[in-house]
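**Q** If you want the building blocks of each chain, they are given just below.
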Amino acid sequence: MADFKCEKCNKIIDTDMFLKDFKVCPYCKHHYLLDAKSRIELLADAGTFNEIAAGISPVDFLNFIDIKPYKDRIKESQQKTSISEAIVTGAAKIGGFNVALGVMDFSFMGGSMGSVVGEKIKCLADFAIENKIPLILVCTSGGARMQEGIISLMQMAKTVSSINKVKENKIPYISIITNPTTGGVSASFATIADIIIAEPEALFCFAGPRVVKQTIKKQLPPDFGLSERNLKNGQIDMIADRKELKRKIIKILKLFS
Amino acid sequence: MDDKIKNKSESMKGLFNSLSKINLFKKISFLSKLNFKHAKANIIYKIKGLRRDTRIAERVWKIVELSRNEDRPKTIDYIENIFEDFQELSGDRLSSDDKAITTGLGKINGKTVAIIGHNKGKDIKERIQYNFGMPNPSGYRKSRRIMELADRFNFPVITFIDTPGANPAIEAEDNGQASAIAKNIEFMFNLKVPAIVVLIGEGGSGGALALAIGNYIMMLENSTYSVISPEGCAAILWKDQTATKQAAAMLKLTAKDLLNFKIIDRIIHEPKGGAQNEPDRMIKILKENLIIALSKFEGLSGEDLKIQRADKFEALGFFEK
Ligand SMILES: [Zn+2]
Numbered sequence: 001m002a003d004f005k006c007e008k009c010n011k012i013i014d015t016d017m018f019l020k021d022f023k024v025c026p027y028c029k030h031h032y033l034l035d036a037k038s039r040i041e042l043l044a045d046a047g048t049f050n051e052i053a054a055g056i057s058p059v060d061f062l063n064f065i066d067i068k069p070y071k072d073r074i075k076e077s078q079q080k081t082s083i084s085e086a087i088v089t090g091a092a093k094i095g096g097f098n099v100a101l102g103v104m105d106f107s108f109m110g111g112s113m114g115s116v117v118g119e120k121i122k123c124l125a126d127f128a129i130e131n132k133i134p135l136i137l138v139c140t141s142g143g144a145r146m147q148e149g150i151i152s153l154m155q156m157a158k159t160v161s162s163i164n165k166v167k168e169n170k171i172p173y174i175s176i177i178t179n180p181t182t183g184g185v186s187a188s189f190a191t192i193a194d195i196i197i198a199e200p201e202a203l204f205c206f207a208g209p210r211v212v213k214q215t216i217k218k219q220l221p222p223d224f225g226l227s228e229r230n231l232k233n234g235q236i237d238m239i240a241d242r243k244e245l246k247r248k249i250i251k252i253l254k255l256f257s
Numbered sequence: 001m002d003d004k005i006k007n008k009s010e011s012m013k014g015l016f017n018s019l020s021k022i023n024l025f026k027k028i029s030f031l032s033k034l035n036f037k038h039a040k041a042n043i044i045y046k047i048k049g050l051r052r053d054t055r056i057a058e059r060v061w062k063i064v065e066l067s068r069n070e071d072r073p074k075t076i077d078y079i080e081n082i083f084e085d086f087q088e089l090s091g092d093r094l095s096s097d098d099k100a101i102t103t104g105l106g107k108i109n110g111k112t113v114a115i116i117g118h119n120k121g122k123d124i125k126e127r128i129q130y131n132f133g134m135p136n137p138s139g140y141r142k143s144r145r146i147m148e149l150a151d152r153f154n155f156p157v158i159t160f161i162d163t164p165g166a167n168p169a170i171e172a173e174d175n176g177q178a179s180a181i182a183k184n185i186e187f188m189f190n191l192k193v194p195a196i197v198v199l200i201g202e203g204g205s206g207g208a209l210a211l212a213i214g215n216y217i218m219m220l221e222n223s224t225y226s227v228i229s230p231e232g233c234a235a236i237l238w239k240d241q242t243a244t245k246q247a248a249a250m251l252k253l254t255a256k257d258l259l260n261f262k263i264i265d266r267i268i269h270e271p272k273g274g275a276q277n278e279p280d281r282m283i284k285i286l287k288e289n290l291i292i293a294l295s296k297f298e299g300l301s302g303e304d305l306k307i308q309r310a311d312k313f314e315a316l317g318f319f320e321k
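Residue numbers (this note's numbering), protein chains in the order written: chain A, 1 to 257; chain B, 1 to 321.
Some clues are possibly wrong.
Said to hold, decoys possible - Calculated pairs, PhoX-like style, for lysine-lysine (alpha carbon to alpha carbon, straight line, at most 20 Å):
no.	chain 1	residue 1	chain 2	residue 2
1	A	K165	B	K306
2	A	K243	A	K37
3	B	K183	A	K170
4	A	K167	B	K183
5	A	K167	B	K192
6	B	K262	B	K296
7	B	K192	B	K296
Quick caveat, the hints were computed from the structure, so don't treat them as lab data.
For reference, chain A alone in the conformation it holds in the complex (with noise of 0.2 Å):
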């Protein structure tokens, strides 16, 4: 891969000091997408990370097509992506501390949640609820996958009642809100945690700054939806960078084990 412009201080970036940063920008510090594979490799500890659930897998239940069949879409994120949904769940250690890791990926399909992501996050609750083992979703997501129609949108309670019983269990759960992270996954699962811990400038709100910039025909202030103003407003309780996110993760682990 050849060096490239960063998309927001202009600097030449060094691809391969980029990439050993995960997708950090050294100038600016600016926080790229992560796709799931190196999230994991960044968070859990060298070879700890084992999948469960991985068998579960998306189908066009309502024949849905708009300008493209459900279908195809799914077929090209998973030869875009190689994995099979927007979100992969495991056993990993962070730390030392056994934990039930999801994290989502953006490039599958916007990050959207459908049935799998459900279905998924349901059963990583269970197995943190077996094993005793705090919960750690890493989010990142466009909202609803709207090619399930009106069962994307029941997911928010699916997902929503299986986090319940993680707490119930008294299991701590923890999420990472990354960019960018709207509409039913932010008023779902990736709000009920007892710990939010945020990237910086990462967009986090409900409805995005495109919708509500076309309702009140007005600018949105520049900090629209991000960290630090969320942290400001009370809704986050705490800013990590990447490349302190484990750091805090284990700090926090330390508090509540």
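On the provided structure of chain A, position chain B with the ligand as indicated by the hints.
**A** Leaving out everything else, chain B with the ligand in the frame of chain A:
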């Protein structure tokens, strides 16, 4: 409102355009006198398919329009005419009182219940006052406060759903719209009292779901429940407003669809032509249905009610394993 009319006429135009295109193909294959039997059969098949899709889309669209009909009975009409001694309760005890949701206590069949419902309003003045039924976080937090009260005093919760969605605004986001909705959903799963949900008009996305985690969910025949508005879906997926009706049909948002998916438990039939034609009768029908629904959960323990609710929602989804 102008936009709605414009969208409608544009989508009609889109459908007519596609039909006339097909007719053109028909003409070409006829005039060219070429015997492409296969191609012709294929075209006819496609015309039939398109006509069928168009018919379905029109039928679904009629329901979407009825669900938004301004003369349909609203939450306030049901509250005033179904419950005795209704007392409205205001405020979230944090910041404000959101008029987009009305909450209070009242009696039905001699029993006190908590009532929560979206307000759309009857005339333009009310609609503005109620913000067209689009709640702010405060509205959801007020609802949660009332549900907490109900839970403590063992009052069943009845909710009326009628909203285009949560209010998309800067202040709403600053005040935690996402967490207000999520916390409501979570709280409803923890209710130890029966929760009966009725979709009376528009069930718009997360803003509706925040009040809709029920043990028993009913939909009026011409109400809708959708992950996104057909207009929004057409804009995002088709990038074309003329696809609005097509999107409405694809989204599976009618009471029949939801009953098929087992998301809802019952369809309540409306007077001929829709609830707006005979509001009084509609209210009476709904009252009867509410009494029956409440009776189904008498004697169930709080734990049983919680389990029933969780099992119902956790079973929803289609996937391969
Ligand atoms: Zn940069």
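**Q** Each hint needs a verdict: does it hold in this structure or not?
**A** Hints and how they fare:
1. A/K165 to B/K306: Between A/K165 and B/K306 the Cα gap is close to 11 Å, so the pair holds against 20 Å.
2. A/K243 to A/K37: Within the cut-off at roughly 16 Å; holds.
3. B/K183 to A/K170: holds, 17 Å
4. A/K167 to B/K183: holds, 13 Å
5. A/K167 to B/K192: holds, 17 Å
6. B/K262 to B/K296: holds, 17 Å
7. B/K192 to B/K296: Roughly 15 Å separates the two Cα atoms, so the pair holds.
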